[in-house]
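Asker: For the sequence shown, my numbering assigns the number 828 to the initial residue and increments by one for each residue that follows.
Be careful, since some hints might not be right.
Below, a list of computed lysine to any residue pairs in the SDA-like style, where the Cα atoms sit at most 25 Å apart [unchecked claim]:
| no. | residue 1 | residue 2 |
| --- | --- | --- |
| 1 | Lys1058 | Asp950 |
| 2 | Lys960 | Glu972 |
| 3 | Lys894 | Val924 |
| 4 | Lys952 | Gly990 |
| 5 | Lys894 | Gln987 |
| 6 | Lys960 | Gln987 |
| 7 | Lys978 | Ser1012 |
| 8 | Lys1000 | Arg929 |
| 9 | Lys921 | Val1059 |
| 10 | Lys1042 | Val1002 |
| 11 | Lys894 | Glu919 |
| 12 | Lys1048 | Val1002 |
| 13 | Lys1000 | Asp1063 |
| 14 | Lys1030 | Gly980 |
| 15 | Lys1000 | Gln901 |
| 16 | Lys921 | Asn996 |
| 17 | Lys1055 | Leu983 |
| 18 | Lys960 | Ser910 |
| 19 | Lys1030 | Val1002 |
| 20 | Lys1025 | Asn996 |
| 21 | Lys952 | Thr890 |
| 22 | Lys1058 | Ile1032 |
Across the chosen pairs, the derived CB separations fall in these ranges [what the hints assert, rightly or not]:
| no. | residue 1 | residue 2 | range |
| --- | --- | --- | --- |
| 23 | Pro900 | Lys1030 | 36 to 46 Å |
| 24 | Thr928 | Pro1046 | 25 to 35 Å |
| 25 | Ser985 | Asp916 | 19 to 29 Å |
| 26 | Phe971 | Met1041 | 26 to 36 Å |
| 27 | Met1045 | Ser985 | 23 to 33 Å |
| 28 | Leu918 | Met1045 | 43 to 53 Å |
| 29 | Gly1020 | Asp916 | 39 to 49 Å |
| 30 | Ser1047 | Gln901 | 43 to 53 Å |
| 31 | Pro900 | Val943 | 31 to 41 Å |
| 32 | Lys1053 | Asp887 | 40 to 50 Å |
| 33 | Asp970 | Asp1076 | 27 to 37 Å |
| 34 | Asn914 | Pro1046 | 40 to 50 Å |
| 35 | Ala1018 | Thr1049 | 14 to 24 Å |
| 36 | Gly1057 | Thr975 | 22 to 32 Å |
Rather than coming from a laboratory, the hints here were simulated on the basis of the structure.
Backbone N, C-alpha and C fix where the C-beta goes; we use that ideal spot for every residue, glycine too.
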Amino acid sequence: MINKAITITGVLALALCSICACRNEKKQQTIDTVSVVKTKVDTVSVNTKPDTKLEYPEPDFPTSGNKIEELIPQYFDIDMEASGDLNHDGLEDKVLVLINTRDTTALRPTLVVLKVGDAYSVDAKSFAVMEPKYREDGYQNYDFEDVTIDKNGNLLFSQQATGPNGTLNSTFKYVNNELVLTEVSSFAMGAGGQTALKLDLLKGIFEQTDINTMKEDMPSKTTTQKYKLGKVLFADSDSREIIIKAFQDNGK
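Let's have the full structure, built from the sequences with the hints guiding it.
Answerer: Put into structure tokens, the structure is as follows:
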């Protein structure tokens, strides 16, 4: 699982960001314990495609269908869904975040589905974009999650937690017919401070804002540095690992 695959250095980086360890108390009411598909992603670097190791064979994902329901493999349901014109062709596309109905702690595959005439075609798929919905103790990783497609064709993912995961936002956009990661931002609160990180991949800029909550006027300091990454495709995008790496390389 992605949240378990964060390396020791990643944890240290999050600690430097002063992330508090408040417990997320939003717990699932019932959890099936039979595991059908468990996918583990080991991200070596942000410029390398994650080494996806499957404990069980990957489910059979259809590549096209006349109805959205035809694209959902056995033992999966739609957990979140967004509609909008991603590729600016005037047709309504779909983004589907799926959940394994027999193992809600498994990684959630996310499908980008383009409307082609009267049918649908799966253009991109990722096991890295969305973390598992639940931990093994039954509590959710995030208190709030959302996926949207805005009027400019940007695909936006938002995940927010009061615990150590903090807030993580990711933005994707079609550039030269490829869906790429364009921006990642995070926000974390800790004892005595708050830290906001932002990485603009198109402009190659990393920004860090630290807020001192120990003082009454809560002064803040923002530093900006050039930080250029290679193209990060949707299928390879692990936003948490990417923002941790950016902080390790540039953080103050």
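Asker: Decide, hint by hint, whether the structure agrees.
Answerer: Verification of the hints:
Restraint check for Lys1058 and Asp950: the C-alpha separation of about 17 Å stays at or below 25 Å, so the hint holds. A threshold of 25 Å between alpha carbons decides the hint, and for Lys960 with Glu972 the separation of about 9 Å falls inside it, so the pair holds. Of the supplied pair hints, the one linking Lys894 and Val924 holds, its CA atoms being roughly 16 Å apart against a limit of 25 Å. For a cut-off of 25 Å, the pair hint linking Lys952 to Gly990 is broken: about 28 Å separates their Cα positions.
The straight-line distance between the Cα atoms of Lys894 and Gln987 is roughly 31 Å, outside the 25 Å bound, and the hint therefore fails. Of the pairs offered as hints, the one joining Lys960 and Gln987 holds, with about 12 Å between alpha carbons and a cut-off of 25 Å not exceeded. Using a Cα cut-off of 25 Å, the hinted pair Lys978 and Ser1012 holds, with the two alpha carbons roughly 20 Å apart. Between Lys1000 and Arg929 the CA atoms are separated by roughly 32 Å; this puts the pair beyond 25 Å, and the hint is violated.
With a C-alpha separation of about 21 Å, the suggested pairing of Lys921 with Val1059 holds against the 25 Å cut-off. At roughly 44 Å between alpha-carbon atoms, Lys1042 and Val1002 are farther apart than 25 Å, so this suggested pair is violated. For the hint linking Lys894 to Glu919, the alpha-carbon distance of about 13 Å falls within 25 Å, and the restraint holds. With a CA separation close to 33 Å, the supplied pair Lys1048 and Val1002 exceeds the 25 Å bound.
Using a Cα cut-off of 25 Å, the hinted pair Lys1000 and Asp1063 holds, with the two alpha carbons roughly 14 Å apart. Note on Lys1030 and Gly980: the hinted pairing holds, with a Cα-Cα distance of about 18 Å set against a maximum of 25 Å. Restraint check: the Cα-Cα separation between Lys1000 and Gln901 comes to about 29 Å, which exceeds 25 Å; the hinted pair is violated. As the CA atoms of Lys921 and Asn996 are separated by approximately 19 Å, the hinted pair is consistent with the 25 Å bound.
Pair hint Lys1055 plus Leu983 holds up; C-alpha atoms about 21 Å apart against a cutoff of 25 Å. As the CA atoms of Lys960 and Ser910 are separated by approximately 21 Å, the hinted pair is consistent with the 25 Å bound. A hinted pair counts as satisfied when its Cα atoms are at most 25 Å apart, and Lys1030 with Val1002 qualifies at roughly 14 Å. As the CA atoms of Lys1025 and Asn996 are separated by approximately 9 Å, the hinted pair is consistent with the 25 Å bound.
Under the criterion of a C-alpha separation no larger than 25 Å, the hint pairing Lys952 with Thr890 is consistent with the structure, at around 10 Å. Straight-line distance between C-alpha atoms of Lys1058 and Ile1032 comes to about 14 Å, which keeps the hinted pair within the 25 Å bound. Restraint check, Pro900 to Lys1030: a C-beta distance of roughly 38 Å satisfies the suggested window 36 to 46 Å. Remark: the range hint 25 to 35 Å for Thr928 to Pro1046 is contradicted by a beta-carbon distance near 49 Å.
Taking 19 to 29 Å as the suggested C-beta distance range, the pair Ser985 and Asp916 conforms, at roughly 26 Å. The hint said 26 to 36 Å for the Cβ distance between Phe971 and Met1041, and at roughly 27 Å that hint holds. Against the hinted window of 23 to 33 Å, the Cβ-Cβ separation of Met1045 and Ser985 comes to about 24 Å, which satisfies the hint. Under the hint 43 to 53 Å, the C-beta atoms of Leu918 and Met1045, about 47 Å apart, fit the expected range.
The hint said 39 to 49 Å for the Cβ distance between Gly1020 and Asp916, and at roughly 46 Å that hint holds. Distance hint check for Ser1047 and Gln901: the Cβ-Cβ separation is about 50 Å, which falls inside the suggested range of 43 to 53 Å. Between Pro900 and Val943 the beta carbons are some 20 Å apart, a value that contradicts the proposed interval 31 to 41 Å. Here the CB-CB span from Lys1053 to Asp887 is close to 44 Å, well matched to the stated 40 to 50 Å.
Checking the proposed 27 to 37 Å range against Asp970 and Asp1076 shows it holds: the Cβ atoms sit about 29 Å from each other. The hinted range of 40 to 50 Å is satisfied by Asn914 and Pro1046, whose Cβ atoms lie roughly 44 Å apart. The beta-carbon spacing between Ala1018 and Thr1049, approximately 21 Å, falls within the hinted interval of 14 to 24 Å. Between Gly1057 and Thr975 the beta carbons are some 26 Å apart, a value that agrees with the proposed interval 22 to 32 Å.
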